[in-house]
Amino acid sequence: MDKPAFFNEMYDGEALRPAYAHIVELFSKYAPDELALKKAEAETIFRRLGITFAVYGEENNAERLIPFDMMPRVFLESEWRRLERGVKQRARALNAFLWDVYHRGEIIRSGRIPAELVYQNAAYEPSVVGITPARKIYSHIIGIDLVRTGLGEFYVLEDNCRTPSGVSYMLENREIMMRMFPNLFHRARVQPIDDYPDALRRTLKSVAPAKCEGEPCAVILTPGAFNSAYYEHSFLADQMGLELVEGSDLFVDGEFCYMRTTRGPKRVDVIYRRIDDAFLDPLCFNPTSLVGVPGLMNVYRSGGVQICSAPGAGVADDKAVYTYVPEMIRFYLGEEPILKNVPTWMCHKPDDLTYVLENLKDLVVKEVHGSGGYGMLVGPASTKAEVEAYAGRIKSDPAAFIAQPTLALSTSPTFVDSGLAPRHVDLRPYCLVGDKVTLVPGGLTRVAMREGSLVVNSSQGGGVKDTWVIADDA
Amino acid sequence: MLSRTAESLYWAARYMERTDATARLLEVGYRMAMMPTAAGGHANEWESVLAAAGAAQGFADQFDAATKSDTAEFLIFDEANPSSIRNCLRAARNNLRAARTAVTSEVWEAVNESYLRLLEMEAQRALSLPELCDWTKRQSAVLRGAFSTTQLRSDGYDFFNLGYYVERADNTARLLDVKYYVLLPTIDMVGGEIDRFQWLTLLRALSAHRAFHWAYGGDISPEQVAHFLILNPSSPRSLLFCAEQIDRHLKHLSLANGGRTPADDFAADMFEALGTARIDAIMAQGVHDFLTGCIERNAKLHRLIGESYLFGAM
Numbered sequence: 000m001d002k003p004a005f006f007n008e009m010y011d012g013e014a015l016r017p018a019y020a021h022i023v024e025l026f027s028k029y030a031p032d033e034l035a036l037k038k039a040e041a042e043t044i045f046r047r048l049g050i051t052f053a054v055y056g057e058e059n060n061a062e063r064l065i066p067f068d069m070m071p072r073v074f075l076e077s078e079w080r081r082l083e084r085g086v087k088q089r090a091r092a093l094n095a096f097l098w099d100v101y102h103r104g105e106i107i108r109s110g111r112i113p114a115e116l117v118y119q120n121a122a123y124e125p126s127v128v129g130i131t132p133a134r135k136i137y138s139h140i141i142g143i144d145l146v147r148t149g150l151g152e153f154y155v156l157e158d159n160c161r162t163p164s165g166v167s168y169m170l171e172n173r174e175i176m177m178r179m180f181p182n183l184f185h186r187a188r189v190q191p192i193d194d195y196p197d198a199l200r201r202t203l204k205s206v207a208p209a210k211c212e213g214e215p216c217a218v219i220l221t222p223g224a225f226n227s228a229y230y231e232h233s234f235l236a237d238q239m240g241l242e243l244v245e246g247s248d249l250f251v252d253g254e255f256c257y258m259r260t261t262r263g264p265k266r267v268d269v270i271y272r273r274i275d276d277a278f279l280d281p282l283c284f285n286p287t288s289l290v291g292v293p294g295l296m297n298v299y300r301s302g303g304v305q306i307c308s309a310p311g312a313g314v315a316d317d318k319a320v321y322t323y324v325p326e327m328i329r330f331y332l333g334e335e336p337i338l339k340n341v342p343t344w345m346c347h348k349p350d351d352l353t354y355v356l357e358n359l360k361d362l363v364v365k366e367v368h369g370s371g372g373y374g375m376l377v378g379p380a381s382t383k384a385e386v387e388a389y390a391g392r393i394k395s396d397p398a399a400f401i402a403q404p405t406l407a408l409s410t411s412p413t414f415v416d417s418g419l420a421p422r423h424v425d426l427r428p429y430c431l432v433g434d435k436v437t438l439v440p441g442g443l444t445r446v447a448m449r450e451g452s453l454v455v456n457s458s459q460g461g462g463v464k465d466t467w468v469i470a471d472d473a
Numbered sequence: 000m001l002s003r004t005a006e007s008l009y010w011a012a013r014y015m016e017r018t019d020a021t022a023r024l025l026e027v028g029y030r031m032a033m034m035p036t037a038a039g040g041h042a043n044e045w046e047s048v049l050a051a052a053g054a055a056q057g058f059a060d061q062f063d064a065a066t067k068s069d070t071a072e073f074l075i076f077d078e079a080n081p082s083s084i085r086n087c088l089r090a091a092r093n094n095l096r097a098a099r100t101a102v103t104s105e106v107w108e109a110v111n112e113s114y115l116r117l118l119e120m121e122a123q124r125a126l127s128l129p130e131l132c133d134w135t136k137r138q139s140a141v142l143r144g145a146f147s148t149t150q151l152r153s154d155g156y157d158f159f160n161l162g163y164y165v166e167r168a169d170n171t172a173r174l175l176d177v178k179y180y181v182l183l184p185t186i187d188m189v190g191g192e193i194d195r196f197q198w199l200t201l202l203r204a205l206s207a208h209r210a211f212h213w214a215y216g217g218d219i220s221p222e223q224v225a226h227f228l229i230l231n232p233s234s235p236r237s238l239l240f241c242a243e244q245i246d247r248h249l250k251h252l253s254l255a256n257g258g259r260t261p262a263d264d265f266a267a268d269m270f271e272a273l274g275t276a277r278i279d280a281i282m283a284q285g286v287h288d289f290l291t292g293c294i295e296r297n298a299k300l301h302r303l304i305g306e307s308y309l310f311g312a313m
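Chains as they are written, first to last, in numbering that gives the first Met the number 0: chain A, 0 to 473; chain B, 0 to 313.
No lab work stands behind these hints, which were simulated from the structure alone.
Every residue gets a Cβ at the ideal spot worked out from N, C-alpha and C, and that includes glycine.
Be aware that a few hints might be false.
What the hints assert, rightly or not - A partial selection of chain B residues facing chain A, derived with a Cβ cut-off under 7 Å: (1) 1; (2) 2; (3) 3; (4) 5; (5) 96; (6) 97; (7) 99; (8) 100; (9) 108; (10) 111; (11) 256; (12) 286; (13) 288; (14) 308; (15) 309.
As the list claims (entries may be wrong) - Covered by chain B, per the in silico footprint, the following chain A stretches (three or more residues, Cβ under 8 Å): (16) 42 to 51; (17) 415 to 425.
Said to hold, decoys possible - Examples of chain B residues toward chain A, derived with CB under 8 Å: (18) 0; (19) 107; (20) 112; (21) 115; (22) 149; (23) 153; (24) 154.
Chain A on its own, in the form it takes in the complex:
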């Protein structure tokens, strides 16, 4: 038999991988119509809870469900531990980098990263140069997107250092699975992830500014109920017992930031912002923004409030800066990277540009500042005309693009209309950085629901599934 083109998370050739032993046995006991019923039940629960997302550009009543797949994606603990070390290592290096580029810029002086890549980066924030946030941490919640191509072969696709979303799905997927398949959990000894909200609250409180007196008051700042991730914002606030505020609920008076309450102003010490830098403070950034807080940046600069993640943190998750993360790990930590980067061609380099243009049909090309799977080219899945049109875009502004080989993303068995079928998956674990670095055993597995598709983003029709870490001998 030919070696399958893609690593299958469940099967090693014909043989079941140990991680999936109990699960396949238990699922085989359900008739197809029973499973269909369970799936419908899960979707009803999602809709009733209001776990929906809005797709920009559609009618405002288009509240869509993310397709939920009931077959979990399973890691053995030994596999997971290595991933965990790799993610934490990366989170430490990214924060060291952020501290460095807003202070002496040693990594640039040493010639390891080109200066223009950092200082001319749109996400570089000159107004925070020289400021020291609590514990020197800039990025407190880091979502690292990983794919797998072989047994021990994990690649980092990208780092999300500002406001990675999806953690509510990680938690809700688990809730739903526990409700529907209690037997599975009983047998498989799945490691719990319930600690995430507490860990996030501890992380936020551990970075309160020095001027904070007594118990720190932390809040979540949302753009409002019409934002596509609003459910997640309210879910996290609820789970942590923190106020969910909008810009208009906050105001600045003197050295501090306050929220408007029915008992008058209450001081706020830590803001977990789920809005972009550009909207944080209309006096400092986008003057037409109504979602921000006028004067907030002054309070931040003078140490009256901590903003999580810190303004300017985006310079570390840029798709061009990404290529230097292994270098950061060596430079700041003196360690070898545990997780690999995907080889990346940067179109601003003439040689790379030539290669990319000649091999477009085999590559994945992304916009340096793009996100959510928008505006990318998947060469092998595109028509000749699409490839040519994209080539034109690259030529007109090479620095805005990077290219990567199409990876042989692993597949995970997924329930589709015809039964179980392999579909490509990625993984986003959520790393918390505060007084310590925390990673719960699990993450969000995203799955491309269409056969052969490599695009897992929910905005592009991707689905989600629960991610399990189980003991090796379970």
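Using the hints provided, position chain B relative to the given structure of chain A.
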């Protein structure tokens, strides 16, 4: 609590109570429409219903005459009517979504399911008017139940209840007014069969006709119904009962917040005035005038609550 959250809770309750009131009004309408017409002697009950809902003008902009189906459509589903059950449910849902962290999942799910189900029913047009009215009242009861059995007794609870009772007082006053002022404009019909039937229908719509008999026994008289809906402290929809609840929840809030507000003083005066009022004096003054005064004072109280707890302060 964030002022915005308090405001959202207050409004969510007002909107839910309004869906309930609209359903009850429609019920009054269709029960009265079943009554044989007394030789054209009395006004069109659907016009009365629209007037009581404060929706007569909005309706007239779209329709010529108030038929049963147009009135029901307008009061239940119409997007252009800000007080339609559909719009009120959506507004309640949006408010609770904005205050999602201040309510339990049971409360949120109650309103979310109601709204989604209403959209389905709108698409299917499967239910009759009586069924829709029953359904709406039941949704309101489910939310109320979820709220009282799961919600923390904190200031959010008080703001939510303030919304309920401010809205309910307004609705009771309007419902009573429609009987007094709109339905039977000619004095010679007072005390007749139609008059009696209308009082009974009003009580039925308030789920109160049995309670009324327990409380007063014997025949229905306008004085007794007016007393029941204005001054009876045991009737959960009476103006006095609402005033007492408003006073109580405002007292809780001012105790927790450490200071009396203008809303407290105003509500205490309202409660006091109703508590010492006599029904014969109200009848002598004119029930319509009295109710108009109540509706105006209620509106002022609404403004004072907002000012006291910084609603809408940007």
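These are the hints, each one checked on the structure:
1. 1: 5 Å, holds
2. 2: OK, holds: residue 2 (chain B) within 7 Å of chain A, min 5 Å.
3. 3: 5 Å, holds
4. 5: Holds. Min distance 5 Å.
5. 96: 5 Å, holds
6. 97: Given a least distance of 5 Å, the restraint on residue 97 (chain B) holds.
7. 99: Check passed: Cβ of residue 99 (chain B) comes within 4 Å of chain A, closer than 7 Å.
8. 100: Cβ of residue 100 (chain B) sits 5 Å from chain A, so the hint holds.
9. 108: 5 Å, holds
10. 111: Hint holds; residue 111 (chain B) Cβ to chain A Cβ min 5 Å, cut 7 Å.
11. 256: 5 Å, holds
12. 286: 37 Å, violated
13. 288: 36 Å, violated
14. 308: 4 Å, holds
15. 309: Holds. Min distance 6 Å.
16. 42 to 51: Our answer is that it holds, as 4 residues pass the Cβ test (under 8 Å) against chain B, meeting three.
17. 415 to 425: Not satisfied, violated; 0 residues make the cut.
18. 0: 5 Å, holds
19. 107: 7 Å, holds
20. 112: 6 Å, holds
21. 115: 7 Å, holds
22. 149: 13 Å, violated
23. 153: 11 Å, violated
24. 154: OK, holds: residue 154 (chain B) within 8 Å of chain A, min 6 Å.
Of the numbered hints given earlier, the model fails hints 12, 13, 17, 22 and 23; all others are met.
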